[in-house]
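Assemble chain B onto chain A, guided by the hints.
Listed here are the chains, written in short residue letters.
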Amino acid sequence: MGSTGTGNFGDYRPSGATRCDQPIDAELEDVAQSEYVTSMKAVPKVGALVRLRPTLSNGRIVAEDSQTAKVIGSLPTRYNYLLLCLTKGYGYEGSVSASATRPLHAVDVHLDPI
Amino acid sequence: MSTSTPFDPGKRLLLVGDVFVDVHLQSKLIRLGGVFHAARAAHAIGAGYGVAYLAPSYLVAEIDHFLSKLGCQAFAHVGEITGSPSVMLIGDSAEAGDVGYDGILRAARQCVWKKDELRDLVERFRPTDTLVLAGDYPLQDVLDLSRSTGAAIHLDCEHQSKIDLQAFGAPIETIFVSTSSQIFADLDRDAGRVVAALQPHAHTLVLKENRGGSRGLSIAGVVDAPSFPTETAHSVGVGDCFDAILVAAYPAENLGLRMRRASYYASMYATTFSHDSFVDDVTNARRLEGEIATLRGVRLPWERRRDLHVYLAAPDFPHVRTDALDALERALRYHNFTPHRPVRENGISSAQSSAAQETQLYRADIELLEQCALLIAVPLTPDPGTFAELGWATSKNLPTILFDATETVTNLFARRCAQRICKTLSDVIDSTFELMNGLT
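Chains as they are written, first to last, in our numbering: chain A, 1 to 114; chain B, 1 to 440.
Some clues are possibly wrong.
Calculated lysine to any residue pairs in the SDA-like style (CA-CA distance at most 20 Å, straight line) [said to hold, decoys possible]:
#1 B:Lys423 <-> A:Glu27
#2 B:Lys162 <-> B:Ala197
#3 A:Lys88 <-> B:Gly290
#4 B:Lys396 <-> A:Ala100
#5 B:Lys423 <-> A:Pro23
#6 A:Lys88 <-> B:Lys115
#7 B:Lys396 <-> A:Thr101
#8 A:Lys88 <-> B:Leu295
#9 A:Lys88 <-> B:Thr271
#10 A:Lys88 <-> B:Asp280
#11 B:Lys396 <-> A:Arg78
#12 A:Lys88 <-> B:Asp276
#13 B:Lys423 <-> A:Gln22
#14 B:Lys396 <-> A:Arg102
#15 B:Lys115 <-> B:Ser148
#16 B:Lys423 <-> A:Ile24
#17 B:Lys396 <-> A:Asp30
#18 A:Lys88 <-> B:Ala197
#19 B:Lys396 <-> A:Lys88
#20 B:Lys423 <-> A:Asp25
#21 B:Lys423 <-> A:Arg78
#22 B:Lys423 <-> B:Thr408
#23 B:Lys396 <-> A:Pro23
These are computed hints drawn from the structure, not numbers from a lab. Treat the numbers as computed from the prediction; the structure is a model and nothing was measured.
Bound-form chain A, shown alone:
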């Protein structure tokens, strides 16, 4: 309130979708020491189904393998806004878009809001 982009003060209401409605493309962190890699001794293959866990894991928003529910890695902290989206009832599902073990364990994911 008291915000405007026009000639007088008003109630600024931007139109369009919110950031909760945006898909996510992220390189996961902490992959090498993740539950998935530790137990499977491998990174998930490209195309493996993943989802965001609706609750924090050690203070992080994490992506888990949809089949095994094992954590694959954490989202970078700039995705912390997703905590609010999850609270509002959003879920995020998708797949592994890239993965490698060299030079470092790395997993990229693409997630869409559901």
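Same frame as chain A, now just chain B:
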């Protein structure tokens, strides 16, 4: 998820400060600012609050209208501003570097102080807490009148460095100061000096360190709280929002938790110019008390950033326009990092350079790279050296950022080498904090 309220319903919070018209030059948006930022935060959490404001008379009707809409329980125009329209031009809303506040006709600003209005408001509203956003008005009157009701006094020194702290008498409840403030600049941006100067005057001193988090100092010791990175729409008033959220909490609550919550709510304030969106986010965030207590953010203390050296890989040559590189260097220094421009520090080779001279320059650049914690590649032109350095840093597992403002870097290897690809200066600074998090 928790559903109990973290805010003390018994508090009556009086907010005191100027009202400004914030003009965001980049987004071409105008907004009531100053004390309104804290008012929006108070409204969003359903706090009982009043406002004592200073403003030019042409704004009074609008101010009163919007304070009413924001659920303000009592308000008064306690200072008539003349000589200046109280309009603040804001060059860099996201505060990648210095926000660049420019108050129009600020040198001509005069204040007709209405102490009786303030006294009437205090007697009507009976605040339990007064949050004072210090400005060019009689601070002592505010302190004396607040103390007459037994109100706890919380002072934010962001915009006023000439404060006679000795005149406070007994310590007040809280002093807030930020690394962006004039008082911080006046004390040579030395956190130790600022703490030494301010801590004796308050039971709690909170030093807000921008994207690097915050620290709280009290008799119990020092506690830290992270910042919570977000997609920054603006950084204006985020600190005032932080103050209001912290002050509205239960005073007996752990300071670290209060600071974490204030930081999280302030990050939500920074994501939007829409108050409705902010209120919606706050309403949902009230259910995240447990999560906010553990959520990982960025904690990069001010003085430790100086030890984080940043290599700026770029065609920093005499014939190249380096405005973007200059701005990046300034922004990094503003946030207290130590950037390096190897061409300026080590020199530049030319067609006349001997093989030995070239080797010497190359080794000097490598030595500099090895001292750095981060490389930011700024390909102002398609310069092979910039990309070679980016590749070298990546192979050494050094964090890297590719600052590609014009999206002209299409080479697969270059794009995949960089840990982050950023289009704006604000993104680069956000990524710098994120990648440096935990390195100190």
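To see whether the hints hold, each was checked on the structure:
1. B:Lys423 <-> A:Glu27: holds (18 Å)
2. B:Lys162 <-> B:Ala197: With a Cα-Cα distance of about 13 Å, the restraint between lysine 162 of chain B and alanine 197 of chain B holds, given a limit of 20 Å.
3. A:Lys88 <-> B:Gly290: holds (16 Å)
4. B:Lys396 <-> A:Ala100: holds (17 Å)
5. B:Lys423 <-> A:Pro23: Cα-Cα ~19 Å, so holds.
6. A:Lys88 <-> B:Lys115: With Cα atoms ~46 Å apart, lysine 88 of chain A and lysine 115 of chain B exceed 20 Å; violated.
7. B:Lys396 <-> A:Thr101: holds (16 Å)
8. A:Lys88 <-> B:Leu295: At roughly 17 Å apart (the allowed maximum being 20 Å), leucine 295 of chain B and lysine 88 of chain A satisfy the hint.
9. A:Lys88 <-> B:Thr271: holds (17 Å)
10. A:Lys88 <-> B:Asp280: Distance ~10 Å between lysine 88 of chain A and aspartate 280 of chain B Cα, so the pair holds.
11. B:Lys396 <-> A:Arg78: violated (24 Å)
12. A:Lys88 <-> B:Asp276: It holds: about 15 Å lies between the C-alpha atoms, which stays within 20 Å.
13. B:Lys423 <-> A:Gln22: holds (18 Å)
14. B:Lys396 <-> A:Arg102: This hinted pair holds, its Cα atoms lying about 13 Å apart.
15. B:Lys115 <-> B:Ser148: OK: lysine 115 of chain B and serine 148 of chain B at ~14 Å, within 20 Å.
16. B:Lys423 <-> A:Ile24: Within the cut-off at roughly 17 Å; holds.
17. B:Lys396 <-> A:Asp30: Distance ~18 Å between lysine 396 of chain B and aspartate 30 of chain A Cα, so the pair holds.
18. A:Lys88 <-> B:Ala197: violated (44 Å)
19. B:Lys396 <-> A:Lys88: It is violated: about 41 Å lies between the C-alpha atoms, which goes past 20 Å.
20. B:Lys423 <-> A:Asp25: Status holds; Cα separation ~16 Å.
21. B:Lys423 <-> A:Arg78: Measuring from Cα to Cα gives roughly 15 Å; hence the hint holds.
22. B:Lys423 <-> B:Thr408: holds (11 Å)
23. B:Lys396 <-> A:Pro23: Not OK: lysine 396 of chain B and proline 23 of chain A at ~32 Å, beyond 20 Å, violated.
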